[in-house]
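**Q** Respectively, the protein sequence lines represent chains A and B.
Per numbering that gives the first Met the number 0, residue 0 is the first one in the first sequence, and the count goes up by one each step.
Per numbering that gives the first Met the number 0, residue 0 is the first one in the second sequence, and the count goes up by one each step.
Just so you know, not all the hints are guaranteed correct.
[Unchecked claim] Derived DSSO-like pairs (lysine-lysine); straight-line CA-CA distance at most 30 angstroms:
1. B:K1 to A:K4
2. A:K240 to B:K79
3. A:K312 to B:K79
4. B:K60 to A:K102
5. A:K4 to B:K9
6. A:K4 to B:K60
7. B:K79 to A:K118
[Said to hold, decoys possible] Here are some, though not all, of the chain A residues that point toward chain B, as calculated from beta-carbon distances under 7 angstroms:
8. T3
9. E5
10. I6
11. I66
12. P69
13. L252
[Stated by the list, open to error] Computed footprint of chain B on chain A, listed as stretches where at least three residues anywhere in the stretch have a Cβ under 8 angstroms from a Cβ of chain B:
14. 7 to 14
15. 57 to 65
16. 237 to 249
For the record, the hints were derived by calculation from the structure and aren't laboratory data.
Glycine included, C-beta positions come from ideal geometry on N, C-alpha and C.
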Amino acid sequence: MYSTKEILETINMVSRQHLDVRTITLGISLLDCITDDADRTAAKVYDKIMRKAGDLVATGNAISEEIGIPIVNKRVSVTPVSIVSAASRGHMQIIRALDRAAKEIGIDFLGGYTALVHKAMTPYEREFIESIPEALAETEKVCSSVNVATSKAGINMDAVRLMGKVFKQAAYLTRDRDSLACAKLVVFANAVEDNPFMAGAFLGMGEDDCVVNVGVSGPGVVKVALEQVDGDLTEVAEVIKQTAFKITRVGQLVAREAAARLGVSCGIVDLSLAPTPAVGDSVAHILEEIGLESVGACGTTATLAMLNVAVKKGGIMASSHVGGLSGAFIPVSEDAGMIAAAKSGALTIEKLEAMTAVCSVGLDMIAIPGDVSEEIISAIIADEIAIGVVNTKTTAVRVIPVWGKKEGDTAVFGGLLGEAPIMPVNRSDPSKFIHRGGRIPAPLHSNKN
Amino acid sequence: MKAIVSVLGKDKKGIIARVSGALYEMDVNVEDISQTILQDCFTMIMAVETGADSPKFDVIKQSLRALGEQIGVQINIQIKDIFDAMHRIDTPTK
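Isolated chain B, as found in the complex (with noise of 0.2 angstroms):
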């Protein structure tokens, strides 16, 4: 399943490496990633691809959250289906 994570909050040192770790044990792949930093706000997007290991997603995505609170940010996880929805007009129509 594609998906995308977005990360954000306030910016400190090693945020990339404990989320793609988290990610790497759930057996979830980084396909693509982007980071900017506006105003001292960390904003990363990251497009995954979840494995034939991975946990379900409720489990990827509470795993995330705990992350989050852990680190002192924001993480979400949602299917990639919700951004063509919104932002691409030719969304497959199956």
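This is chain A alone, in the form it adopts within the complex (with noise of 0.2 angstroms):
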């Protein structure tokens, strides 16, 4: 029998601490929908993921009711589809066709349409992630994601200046619901096959047929249970690891329930505490409860380099595999401390991009003038991928130059999105850099200072 202490803190974490887990997501692979067809190879498509997915909801729902811990996204992440439609050149096709099933199925997000060119792209390629900007315009659940770099190939700089113009049109798109699409894309460097979370999940070649990954949540758990301690950071990084702990073991029993359920393979479980917009569920108040007055104060790259850390040890042990990104997500506008900090003036690009060289997983969810060029853009990208790409680690950026809006300005997405304001941004011209072009070439694996 349990002690009333444990029952409590369970049912308090839930209810006053925003405990959830934050997604199930399916992975499907689409490689048996590949024909030279646009329209029969997205009638395949619309079929597997009716087929495999249909119950995803309905089993997230009972397993949550069960449980009596809400899961908050059921999510489905597929075949990089620049890879399913290359013989057909059918990317509209089935992005309009896996729109339809997301939809159709009840689930919150589809990610997948993806190309993977961290070393170089082929004409259709190219092609492909020219057509994200309007992909993403005309669709609602699907997102997208463009490995761009890697630790072994490099960095293709051909394709992070192409980036950088594929964001301006995504955000020009989507004028009219302060630039959108950008939410909905995000470029990596060492891109992770079993992410379970968006806009970056995908589902790698080295995977299942069909498979659960799950990705815990819980930052407000962490901070309420920080509130009691008084001692030193050996102390803190205990209490955290404790918590991680907790949190993942929830994770984990979700994956292991929904993939019987489902029939499937049971994959990973993302250790990442993702924050939502909501108080109490935020990262930077973790930071804060520390004791910084402020993220983005001098302290917090420390203080959340020893938080990524302690969530990792306690999640590993939780876990009978773990992956996907697994680290402190530092998404601006899905953060009410974030925001804060970054309306006061406290949280700087420059900071966060130096935050993101000690967690998971990069610039995410930041707000920039809508004037900001495409060039500019382009060299953000290039500065964190290089972050990832020199310290072996996932580094990724979601950026959303909303469109007519000015430093100062908010831009609203709402649900788990949120509101970000938005960020000044170093004007200095990176043109000539950007419009070299080639490739950078891959790191040292020794001498690492």
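Hints in hand, dock the two standalone chains.
**A** Pasting the structure below:
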């Protein structure tokens, strides 16, 4: 029998501290849908999603009822569409089929309008990437990602240059919705193949036909646990570790149950602490609880590094297989503490970039003025991607150049995507660097200083 | 299915009787029970197991929630696995 304290701890984590499982993401391989005919491929894609993920939402809701813990999102990730559509060039038909299937089965997002071009692009992959703005503007549920670099291949700067343009176009095409399409688009270095989180989820080539990956949440639980701690940083790290263990165990249970009920394999639990805009569900507030006046202050990188490592140590023991991005997320628009710090000027893009060197996953959900040039956006991407490539970790960029808005304004995306103050950007011109194109060679894997 | 019923709220007469009665009606067996009163807040934890004639889990959950609203306390039921997962190291991995 459990003690009253244990039972109440679990109940309070849900009712007062926003404990939830952020997502059950069902990865579905589309490799067996490939044909050389666009319409036939799209029809096969639609059928497979409906067949494999038709019960996903009901299954997620049933598990949530039984364990008494909300499962906020149910999502699907698929094989990179640029691979599925290469033979038929039918990417627009496929994304429409994916969007329609996603709406019919009632999931929140579907990820995988993706291209992996970390070394070079085929002519078709270039065409595919150029289609992203229109594809995202036209659809509602589908998310897109492009891997432009790896630690082994270096950085494909032609792709980086192209992505600056893609972000600008996506922003323009959804200018009536605060450039929302950019919130569904992410550029990666070292993209992972089993990520359950959006916008970057896709199912990699080394994966099963159908697999459940789960992303946990729970910044509020960590914050409340730390409120009881009056000790030194060793004690703080220990409490974070123990709390992360409990949170991850919930994710592990959900992953196991969902896989069993859907009759598919159980993939990984992603240990990322994912915030939401709700009060009391903020990663920034954890750092402030540790002892910063505001996130963005000197000391932010150190506290975040400690948080990230402690979360992983607790989570790894709690889960059979850890994967995905697994680190604290710092999406500005989705975190009440980050929003406040960006508004007050305490948090800048430069500090966020430094923070991404020690945590998952990158410059995330950052709104910038709509008139920032595509070259500057490409250069922001290049900087962030370089951090990932040199440090052998995943980094990403999801910036929103909000059309028609300027520094000091606010962009509103709604729901989990939240709202973001438009942050100032260094306007010094990097055009010559970006226009050079080519490839930045892979880094050294020794002599690391 | 093994589950934990938790009852939280202001102490009053008949809580145990009414909750046990409702569980009996749904063919749910009470295996263990513990109760404390902290600063006038009644906390009861019951370890239960559903029977062959029990309704579906969501129906049991809904009935208990409705009973809670009638009595003026919060009644919840969660499967035992979630507490094993969070509070015991040696959770079966199946």
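**Q** Hint by hint, which ones does this structure get wrong, listed from lowest number up?
**A** Of the numbered hints given earlier, those the structure breaks are 7, 12, listed in rising order.
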